[in-house]
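Under the working numbering, the first residue of the first sequence is numbered 120, with each subsequent residue one higher.
Don't take each hint at face value.
Simulated crosslink set (DSS-like; lysine-lysine; CA at most 27 angstroms straight-line) [to be verified]:
#1 K723 - K688
#2 K532 - K632
#3 K459 - K814
#4 K850 - K807
These are computed hints drawn from the structure, not numbers from a lab.
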Amino acid sequence: MVNSQIQTENSQQQILIGKIQAIFFENSDNFYKVLQVKLLEADFTWPEEEIVVTGNFANLSEGEKYRFFGHLFEHPRYGKQFQAENYQTELPTQTTEIVNYLAGENFPGIGQKTAERIVKVFGTATLTKLQQDPASLSQLGLSKKQRQTLIDNLTNTGDQQQAVIELNRFGFGSQLTARIYEHFQKETLAVLHHQPYRLAFEINGIGFKRADRIAEQQQIAADDPQRLQAALYQSVYDLCHNTGDTYTSAPSVMQQAMDLLLRSRRVTLSEKQVADQLVTLAADGKIVVEKRRIYLRHYYEAEWKIAEQIKTLLQRPVKLPEKKVQAIDKLLTEIALQLKITYGAEQLQAIKTALKNRLLLITGGPGTGKTTIINGIVALFAAVHDLSLDANDYQTDEFPIVLAAPTGRAAKKMSETTGLPAVTIHRLLGLNGSDGQDNYQANENLTLASQLLIVDEMSMVDTSLFERLLAAVPTSMQLILVGDQDQLPSVGPGQVFADLLACEKLPQIRLEKIYRQKQSSTIISLAHAIKKGILPADFTKNQFDRSFIACSEHQVESAISQIILYAQKKKLNLNDVQVLAPMYRGQAGIDHLNVILQNLVNPKGTKTKELVANQQSFRIGDKVLHLVNSPENNVFNGDIGQIVGINLAQDNPQKPDQVIIDFDGNEVTYLRKDLTKIKLAYCVSIHKAQGSEFKLVILPLVNMFHRMLNRNLLYTAITRAKKMLILLGQKEAFQTAVDHVSVNRKTSLLERLSQALRVKQSQQSISLSQSSINHGQTSINEETTKYILTSQLIANEEIDPLIGMNGLKPIDFKHKN
DNA sequence: TTTTGTCT
């Protein structure tokens with residue numbers, strides 16, 4: 120049915136019937152395939168017996184006949200081929216063919232005799248009959264298994280095939296097609312036709328607009344409730360993800376949703392219509408409205424779950440035998456001797472506290488010895504509990520200490536500094552980040568088995584990830600969270616680490632003393648001042664380790680060029696010099712500076728080998744940044760390397776284009792297709808530089824960056840400098856950055872923590888049932904009428920607490936341990 | 001209006 124529709128819709132489409140001889144190429148991640156087909160019939164002329172067919176195909180079998188719909192196409196590299204947009208099995212029509220087909224490898228358990236018996240009954244219509252009316256099989260006296268085989272293969276193939284065809288028709292590429300089918304399976308077609316907005320809710324990478332285009336083709340009206348709800352939900356999601364807040368407000372959502380709806384289809388809708396659907400969304404529990412705050416249900420629950428889980432952890436104190444407690448000081452002295460370290464008072468206290476507490480937060484800026492402390496905690500923990508730190512001793516058992524971080528690079532660094540294995544939190548939890556906007560339920564039953572978990576770079580952990588991490592932490596585990604609360608906040612909504620630290624009831628240690636740099640470093644004192652919101656008076660005055668150059672946005676490139684030339688003259692290793700900027704666009708932006716600096720430091724000579732990809736040229740000697748995690752090569756997002764070799768296919772046709780990059784002694788080969796993973800790195804974004812340090816940092820800030828400028832960004836940038844810091848640009852821009860507090864995202868975590876930790880266990884159920892939170896079962900009707908969220912209330916911003924909670928109580932968010 | 005993370 121679908122097929123005939125397409126044929127009439129697209130009269131220019133060409134048709135080809137052929138038998139698959141070989142599947143040349145098959146991408147296991149998606150449905151894309153390249154086939155060699157023996158041509159049987161076609162509505163165009165083709166000089167040869169065989170033809171190459173490409174496209175997205177579900178199940179295909181070699182040796183089978185198919186009908187392809189598509190176009191002839193001239194591929195620049197592989198020549199003329201047939202691009203199929205659509206296809207169907209060319210089912211055998213003659214009885215002998217059908218018998219062979221059924222007796223063939225597609226139908227295990229059906230032999231020649233059985234096949235003959237089936238065809239005898241249904242004749243040439245056998246296959247369509249079985250597809251349309253599988254029940255008719257029961258009259259043939261086949262075994263249950265045989266019947267199932269026939270049904271599965273005939274109908275399943277059809278489902279998947281039709282879904283793939285339909286998805287192609289809506290313009291989905293092979294990646295998305297595979298993901299969508301994997302998610303909805305047999306439901307795919309029904310979802311596409313009747314609930315297209317589910318694509319936006321459930322598939323990562325599909326937003327409201329794309330779903331709306333499909334809906335429009337399905338004649339779903341512009342004021343259809345599912346359309347309005349999808350736009351509202353998307354708006355709450357977008358607002359939270361753009362701001363980093365875990366909730367938003369009704370006026371913001373309404374404005375954003377009205378906008379989105381109007382931009383997607385030019386149909387005017389009334390505010391009332393849309394507001395009514397916001398009420399429905401809340402009533403259905405997809406969003407939660409509380410005290411004028413609108414949450415995605417996921418974030419609402421996550422904040423409660425975090426608070427409840429932390430409370431549960433704190434209720435189980437660590438019990439160390441008295442003998443061990445007395446031995447701690449002695450053991451620490453031994454460890455210090457062994458590691459050849461002299462611990463400061465602050466550090467000793469941090470290590471000892473870590474051992475005695477179920478949960479401990481440790482925050483400190485660069486150079487305050489966080490790494491030293493992590494090493495100390497690991498060593499002391501192992502000594503006190505008589506644990507071996509040799510991975511070989513744990514062939515079958517779980518390693519007792521787990522080190523994890525939110526980014527690949529932070530995990531790699533952790534592993535390097537401790538000598539122990541460290542992983543990303545995602546990998547630890549088995550998160551595969553695949554589907555949808557709230558996939559938090561994945562792996563909910565996972566429980567980690569080790570005794571101690573240390574998480575580094577906590578400032579980059581968002582609400583969602585932390586909730587999932589805590590869900591996997593048993594109360595028998597000790598948890599140490601380490602980070603620098605003044606660095607850039609997490610990508611996703613929330614400011615978990617800052618909120619946790621703000622909760623005074625949580626055991627925490629703030630490291631102030633700087634060990635690494637000399638106390639006289641004026642970079643550090645500048646960082647401290649910025650942290651407090653002050654741009655010191657001596658800011659523009661040159662110091663022995665930093666300086667300021669006033670210049671306009673347009674002068675930035677020449678100023679930086681002069682600094683670099685000077686550094687070169689002074690025989691400074693340019694790998695120790697790093698330019699950092701907040702954004703890519705503009706005259707003083709990263710992209711422009713990279714081109715300028717590349718041509719300055721590594722100009723193209725007549726013989727320079729160069730490879731151009733993604734509008735960038737890569738030359739031997741170039742400094743480059745790796746943009747994704749490639750654990751198989753031990754290279755991670757944010758790693759900086761240098762191009763040490765380029766092989767061009769034009770010089771040596773036997774070999775493909777290759778770029779060899781040296782990452783601190785680790786040489787990795789990139790093919791042309793891998794070049795999307797790298798970028799020039801003469802200048803990198805401050806975000807990307809988080810977690811790295813450089814001897815000399817050059818930081819241009821101009822007013823044009825004003826939207827990006829904030830305190831954490833400036834703090835992060837200048838604390839990347841180990842020895843020297845050169846600031847340039849407009850003084851005003853630096854002032855803007857200092858004035859703009861960044862970690863003030865709107866979240867409820869601190870409130871939840873206070874609530875959860877305030878109530879004593881024994882009183883909890885009583886006090887909660889008395890509060891407005893709990894609508895008891897008996898009074899629910901009366902209560903809900905009182906609490907009904909109306910569009911009027913939205914307009915007046917008079918929303919009562921906890922509408923849409925459906926009687927959920929905080930205690931319901933408690934993890935089962 | 002801009003930057004940023006993870007996985008198969």
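Quick rundown of the hints versus the structure:
Restraint check: the Cα-Cα separation between K723 and K688 comes to about 20 angstroms, which is no more than 27 angstroms; the hinted pair holds. Straight-line distance between C-alpha atoms of K532 and K632 comes to about 22 angstroms, which keeps the hinted pair within the 27 angstroms bound. Taking the CA atoms of K459 and K814, the gap is about 25 angstroms. The hint holds against a cut of 27 angstroms. Simply put, K850 and K807 have alpha-carbon atoms about 24 angstroms apart, close enough for the 27 angstroms limit, and the pair holds.
In terms of the numbered hints stated before, the structure departs from none.
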